[in-house]
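Chains A and B supply the protein sequences, listed in that same order. Reminder that position 32 of the first sequence reads as 32 in this note's numbering, one-by-one numbering, no gaps. Reminder that position 178 of the second sequence reads as 178 in this note's numbering, one-by-one numbering, no gaps.
Quick caveat, the hints were computed from the structure, so don't treat them as lab data. Mixed in with the good hints there might be a few duds.
Copies of the same chain are indistinguishable here, so a pair counts whether it falls within one copy or spans any two.
Unchecked claim - Distance condition first, Cα-Cα at most 25 Å in a straight line; then the derived BS3-like pairs of lysine-lysine:
#: 1; residue 1: LYS134; residue 2: LYS69
#: 2; residue 1: LYS266; residue 2: LYS239
#: 3; residue 1: LYS69; residue 2: LYS141
#: 4; residue 1: LYS239; residue 2: LYS254
#: 5; residue 1: LYS254; residue 2: LYS101
#: 6; residue 1: LYS134; residue 2: LYS174
#: 7; residue 1: LYS101; residue 2: LYS49
#: 8; residue 1: LYS141; residue 2: LYS312
#: 9; residue 1: LYS229; residue 2: LYS174
#: 10; residue 1: LYS229; residue 2: LYS49
The model shown is predicted, which means the values in this text are computed figures rather than measured ones.
One letter stands for each residue in the lines below.
2 protein chains.
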Amino acid sequence: MTQTSPFQHLEGLLGSDVMLLNACITEAFQNQESMIPEISSYLISAGGKRVRPYLALAIGKMFQSRTPKRFLQAASIEFLHTATLFHDDVVDHSDQRRGKKSAHLVWGNEATILVGDYLFAKAFAMMVQLEDPKILAILAKTAIRIAEGEIVQLNRAHDLTLSHEDYIAMISGKTSILFEAATETAAMLAGQDSEISAHCGQYGLNLGIAFQLADDALDYDSDQRTLGKNIGDDFNEGKISAPALYSYRQGDDKIRAFWQRVMQNKKTDGDFEQALDILQSQGVLPQIQEDALRYADLGIAALDCAPDSPMKEALARCAQFAATRSY
Amino acid sequence: MTQTSPFQHLEGLLGSDVMLLNACITEAFQNQESMIPEISSYLISAGGKRVRPYLALAIGKMFQSRTPKRFLQAASIEFLHTATLFHDDVVDHSDQRRGKKSAHLVWGNEATILVGDYLFAKAFAMMVQLEDPKILAILAKTAIRIAEGEIVQLNRAHDLTLSHEDYIAMISGKTSILFEAATETAAMLAGQDSEISAHCGQYGLNLGIAFQLADDALDYDSDQRTLGKNIGDDFNEGKISAPALYSYRQGDDKIRAFWQRVMQNKKTDGDFEQALDILQSQGVLPQIQEDALRYADLGIAALDCAPDSPMKEALARCAQFAATRSY
Chain A
1 MTQTSPFQHL EGLLGSDVML LNACITEAFQ NQESMIPEIS SYLISAGGKR
51 VRPYLALAIG KMFQSRTPKR FLQAASIEFL HTATLFHDDV VDHSDQRRGK
101 KSAHLVWGNE ATILVGDYLF AKAFAMMVQL EDPKILAILA KTAIRIAEGE
151 IVQLNRAHDL TLSHEDYIAM ISGKTSILFE AATETAAMLA GQDSEISAHC
201 GQYGLNLGIA FQLADDALDY DSDQRTLGKN IGDDFNEGKI SAPALYSYRQ
251 GDDKIRAFWQ RVMQNKKTDG DFEQALDILQ SQGVLPQIQE DALRYADLGI
301 AALDCAPDSP MKEALARCAQ FAATRSY
Chain B
1 MTQTSPFQHL EGLLGSDVML LNACITEAFQ NQESMIPEIS SYLISAGGKR
51 VRPYLALAIG KMFQSRTPKR FLQAASIEFL HTATLFHDDV VDHSDQRRGK
101 KSAHLVWGNE ATILVGDYLF AKAFAMMVQL EDPKILAILA KTAIRIAEGE
151 IVQLNRAHDL TLSHEDYIAM ISGKTSILFE AATETAAMLA GQDSEISAHC
201 GQYGLNLGIA FQLADDALDY DSDQRTLGKN IGDDFNEGKI SAPALYSYRQ
251 GDDKIRAFWQ RVMQNKKTDG DFEQALDILQ SQGVLPQIQE DALRYADLGI
301 AALDCAPDSP MKEALARCAQ FAATRSY
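Next up, chain A with everything else stripped away, as it sits in the complex (with noise of 0.2 Å):
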């Protein structure tokens, strides 16, 4: 447990860049409205683990960038990220976030909304300093798409019968692009050309599905639940993730019945159970992992595209580490 994870081999990589990224995080959430800084510090500067924007220092590191703009960069789009995690505390009721009370259970849906608004716009307008039309046009599509990801998925939450391209679609919007478009300007701002920097896009891109099909996986893993972890949230909710769609797609008449009511959220005892036990007889956690490591290949074979490094060697390590992860 003491080792040492892909993730954090990386930060160390990335020495006192991610110093001089927190010193820009932090300055830029100041505000004489104490209001401000303190709900978005909730998120921003606790627990967040910043994989975003460690990612993106870590492809400028990869080019030997040296701006001091990549800063502003990584900053825009971790704010752009913790806005629709406060709309998402808000939109989906969520009693937790990070490992605490989520935001609108401390100070209420108003101030949550608000203060994510506030984020946006200050995310927009650090995007707008980097003086890149380029990068600011794929940045202002990236945050379109996020917005449409999300009405997608509020209208399709329930839908069993989403097709396992509109299911990656789905997560691609809500999870895998703004990875994306963290990797992509990244690239852009270390100075590379258009398409060497969409191939460091389609490494974020594949890993963010990667993280988040290993995320689906995870709620449904019992042998979390014997390390103290907590499973079942998205089945509580619902919420149609990776397991109920391949369950549903591979099984029964019986079995599509099953995931049809719970979904319903017309749920009695040990339905949970029931679920574990029918995704273990369908033996469906191996392959949504084997499809996550599918992608996180995908996503390493991209950085093909950048001369051997250390940090390249540590880039895809992340991504296999994001799809065979069991944290």
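With chain A's structure known, arrange chain B on it following the hints.
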């Protein structure tokens, strides 16, 4: 009642620009996810008076601007404004907006928040397409100030001790700075230098303040009730606005105690009638109109930066109308 308002006169002078703006707006909210155009159009295409985009186009026309980007600029301002309206509806728990049932009552908080996010992102993307770093910097700063203004309003909405300056700052954040950004960046897009553009911004800012002060007064104007209009919304929500603040500032202990009680939502029957009597005895509404006219005059004076023209005259009349309108 069939008389043409100064605003309708300005719309007439805009000619085909109005149609081209409509086309730009309608195209911008097309989306395969049908909920997006459905909810967006609820506020944008229907009842909205489009004050901000029309003023922006009018400034452009006053300077004989020919750039097609002016429709994108005007539409982006309307999208940003509409995004804030959607979030306001959720935050304020409003029942009505632009004479229609509030969006959150029709589609629920979740969809209203997310479509607001979509419009915000779309506004951002449209601004980026203007490809002008100076304009972008102003618009980004404006988006931040609007979000800050909303948070200030949330925290001080019941604070009767707010100074006049702080109140003007609060309504500026809420209303006027978007008018300022709309008119300033319209002048910039029309090729005017930063000094002239700043004057145009001052026109918009002061018109916005006049508009909001008049709006505050109308909500306590019993003549409105005679005309069949709804009044007393701010009072019923315990939301401070100019009438309550002016009266509190000038009132004796008894009057102050009255406002303190009713603004804490400890209201009883007949309180609103008593409020109207107090305002009448203090002569508060004429004072507010006088102040509104003072701001309108500041706005009109700022138009001195432009040569005389029918459009300049129409803009001046709009500012005066914003302060004196009775509907």
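Going through the hints against the structure:
In this homomeric assembly, LYS134 and LYS69 come within 25 Å of each other (Cα to Cα) both inside a single copy, at 15 Å, and across copies, at 18 Å. When the C-alpha separation of LYS266 and LYS239 is checked against a cutoff of 25 Å, the pair qualifies only within one copy, where the shortest distance is 13 Å, while the shortest distance between copies is 42 Å. In this assembly of identical chains, the alpha carbons of LYS69 and LYS141 lie at most 25 Å apart whether taken from the same copy (20 Å) or from different copies (18 Å). Only within a single protomer do LYS239 and LYS254 lie at most 25 Å apart by alpha-carbon distance; the minimum there is 20 Å, versus 56 Å between protomers.
Proximity of LYS254 and LYS101 under a CA criterion of 25 Å is satisfied in neither setting, with 38 Å inside one chain copy and 44 Å between copies. In this assembly of identical chains, LYS134 and LYS174 lie within 25 Å of each other by CA distance solely inside one copy; the values are 23 Å within and 32 Å between copies. In this assembly of identical chains, the alpha carbons of LYS101 and LYS49 lie at most 25 Å apart only when taken from the same copy (17 Å versus 41 Å across copies). With identical chains, the CA atoms of LYS141 and LYS312 are never at most 25 Å apart, being 27 Å at best within one copy and 37 Å at best between copies.
With identical chains, the CA atoms of LYS229 and LYS174 are at most 25 Å apart within one copy only, with a shortest distance of 24 Å there and 44 Å across copies. In this assembly of identical chains, LYS229 and LYS49 lie within 25 Å of each other by CA distance solely inside one copy; the values are 18 Å within and 53 Å between copies.
Hints 5, 8 from the earlier list are contradicted by this structure; the remaining hints agree with it.
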